[in-house]
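Fit chain Y to the known structure of chain E by using the hints.
So the sequences go chain by chain: E and Y.
Heads up: the first sequence runs through residues 402 to 714, numbered per our numbering.
Heads up: the second sequence runs through residues 402 to 714, numbered per our numbering.
Please note that a few of the clues may not be correct.
Which copy is meant is left open, because identical chains are indistinguishable; a pair holds if it fits in one copy or across any two.
Capping the alpha-carbon separation at 20 Å, the derived lysine to aspartate or glutamate pairs in EDC-like fashion look like this [stated by the list, open to error]:
{"hint": "1", "residue 1": "Lys694", "residue 2": "Glu671"}
{"hint": "2", "residue 1": "Lys474", "residue 2": "Glu682"}
{"hint": "3", "residue 1": "Lys654", "residue 2": "Asp688"}
{"hint": "4", "residue 1": "Lys676", "residue 2": "Asp593"}
{"hint": "5", "residue 1": "Lys435", "residue 2": "Glu644"}
{"hint": "6", "residue 1": "Lys694", "residue 2": "Glu655"}
{"hint": "7", "residue 1": "Lys638", "residue 2": "Glu467"}
{"hint": "8", "residue 1": "Lys676", "residue 2": "Glu655"}
{"hint": "9", "residue 1": "Lys656", "residue 2": "Glu682"}
Since the hints were made in silico from the structure, they are not lab data.
Quick caveat, the model's predicted, so the values are computed rather than measured.
This is what each chain is made of:
Protein chains: 2
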Amino acid sequence: MDIPSLVLKGDNKAVARAITLVENRDEQAQQLVKRLYPHTGHAFVIGVTGPTGTGKSTLVDKMIIEYRKRGKKVGVLAVDPSSPFTGGALLGDRIRMLRHNLDSGVFIRSMASRGDVGGLARATRDAVRIFDASGKDIIIIETVGIGQTESEIIRVADATVVILMPQLGDEIQAVKAGIMEIGDIFVVNKFDLEGANRTFYNTAALIGPRNGWKPPVIRTVAKTGKGIPELLDALRKFREYQEGQPNRQRVQKEKIAAELLGRVKQELTETVLRKLNQSPEFQQLVDRTLAKKTDPNTAARTLLRRLIRFTGE
Amino acid sequence: MDIPSLVLKGDNKAVARAITLVENRDEQAQQLVKRLYPHTGHAFVIGVTGPTGTGKSTLVDKMIIEYRKRGKKVGVLAVDPSSPFTGGALLGDRIRMLRHNLDSGVFIRSMASRGDVGGLARATRDAVRIFDASGKDIIIIETVGIGQTESEIIRVADATVVILMPQLGDEIQAVKAGIMEIGDIFVVNKFDLEGANRTFYNTAALIGPRNGWKPPVIRTVAKTGKGIPELLDALRKFREYQEGQPNRQRVQKEKIAAELLGRVKQELTETVLRKLNQSPEFQQLVDRTLAKKTDPNTAARTLLRRLIRFTGE
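Isolated chain E, as found in the complex (with noise of 0.2 Å):
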């Protein structure tokens, strides 16, 4: 049997090696995806994200256990964006795979960036689809760090959920106002260290609600599996208010739209810096710029137009 249909099939053998094909962006991967794609649709797509140190592979470990309580097949995709390394942290994955005692309705997958963001949310998206099509019923999209690369990653998901804990520094203090904006469920993590209701109020204080919805403020030990049965809770609950609102189809479009965007420019980058490698005009153009002949913006703007031509013009 050929790798999508394996997949279809929810072998986790196969999700793997799509999830190894799209990662190394295999031109068989596209063929992989489009077959896939009228198979997905299914999936919550959960997005964990926060600071370092918050505890995140451990909530998303017990979120695990508890969907499995809940009758629902988990995906998991780690992604680190400042990671260079490829193939998966396969050792890492096996380690995480095995406190779930190799129950087949869990597969643990982590992707590394190459060092361009948009390969990886793209990447991050074909193996969300595959995962989706293998018939997982909830998908986790886990960051391994928070910035601007995690944040572009993380909007692949349906739902964000942002860990926070007591005693973060000033440090995190000063990133939270970007946190703040795409987070649709708070954690506080470490709720037994001191001063956790500080960090519970003070964040509840820095939330307002968007579009009709309140994000929640849950607070767990992900150590001892306390409040993970709220926040998963939570996480129906804003399923429900979002499949319940008028707007979702265009919602829907908006995402699909980004994505088509996302996808032109990349192809078109890569394209264009092969295409310019060829060129005999860019060496001679870097020697005028160096020369001061030109400028670098000019420069640039005349490889544009003898490079390309827009269709109607």
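Structure of chain Y alone, referenced to chain E:
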């Protein structure tokens, strides 16, 4: 007198106005940088980066004072890719300027992101050229935090200084691998803190020679100015090393080539986004993708094919 003429005369107000134009991507800005470009190439550009809390601003302030003692004119560009504010954090700039008694040989300006890294890197390059043409001998690019984005911006510099400090947590250790590669000179600041020697030796142990240059580790206490002359000496040594390199011209060519590629990418992306948003076909393809009649990758390729012709095909 027009802005470029005033910039060439070293008028800091004109420099400020020119940088605002560049930041706003005003069409006038391109003409301006074009006129200034032949007058650039004199300044030495130093990138200063490192984790938040290591005392970068204080260190940069003390570097300014020491460079002024040595008769150098200094421009500082404080770049914050995570901040969405525009127009420069003017109040902050003024407060920092006051510390230098409105010395006309010093000019400090901050720049923030408009959400795209490519644009910020380009604006940073242009701002550096404006400083350069205005007669600054030393230009310092200071990033607020550290990350992939900051690394990209710091690439504009001739020399990169990485600031570390004792008592940085595990979180920072984890990113060190990435930091270690970009530094030409390392600083262990706050050397009066406990554990300073350990940080010093750990840092030194992680650095290997590159192309005959072994990045030194300088011990500073920015608050008191301790170690700052040594840092400036190390920077001068690095500049001499760089100027004596036999492959110097090739390196400069590669820098220009990378800049041209970046500018072509940026221009192209902007044009394409504009075109796509005007195209009825784009909306049709979004609908077809949403209805699962096509998949995102095929849709993107279709758009690309219909929108653009590469010359010579």
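Comparing the hints with the structure gives:
1. Taking identical chains as interchangeable, the C-alpha atoms of Lys694 and Glu671 are never at most 20 Å apart, the minima being 28 Å within one chain and 26 Å between chains.
2. Proximity of Lys474 to Glu682 under the C-alpha cut-off of 20 Å is found in neither arrangement, the shortest distances being 55 Å within a copy and 38 Å between copies.
3. Taking the closest pair of Cα atoms, Lys654 and Asp688 come within 20 Å of each other only across two copies (7 Å); inside a single copy the shortest separation is 46 Å, beyond that limit.
4. Taking the closest pair of Cα atoms, Lys676 and Asp593 never come within 20 Å of each other, the shortest separation being 57 Å inside a single copy and 54 Å across copies.
5. In this assembly of identical chains, Lys435 and Glu644 lie within 20 Å of each other by CA distance neither inside one copy nor across copies; the values are 26 Å within and 53 Å between.
6. When the C-alpha separation of Lys694 and Glu655 is checked against a cutoff of 20 Å, the pair qualifies only between copies, where the shortest distance is 17 Å, while the shortest distance within a copy is 45 Å.
7. Taking the shortest alpha-carbon separations for Lys638 and Glu467, only the intra-copy value of 16 Å comes in at or below 20 Å, while the best inter-copy value is 60 Å.
8. Proximity of Lys676 and Glu655 under a CA criterion of 20 Å is satisfied inter-copy only: 17 Å between copies versus 31 Å inside one chain copy.
9. Taking CA atoms no more than 20 Å apart as the test, Lys656 paired with Glu682 passes between copies only; the shortest distance there is 17 Å, against 39 Å inside one copy.
In the structure shown, a violation is registered for the earlier hints numbered 1, 2, 4, 5, in ascending order.
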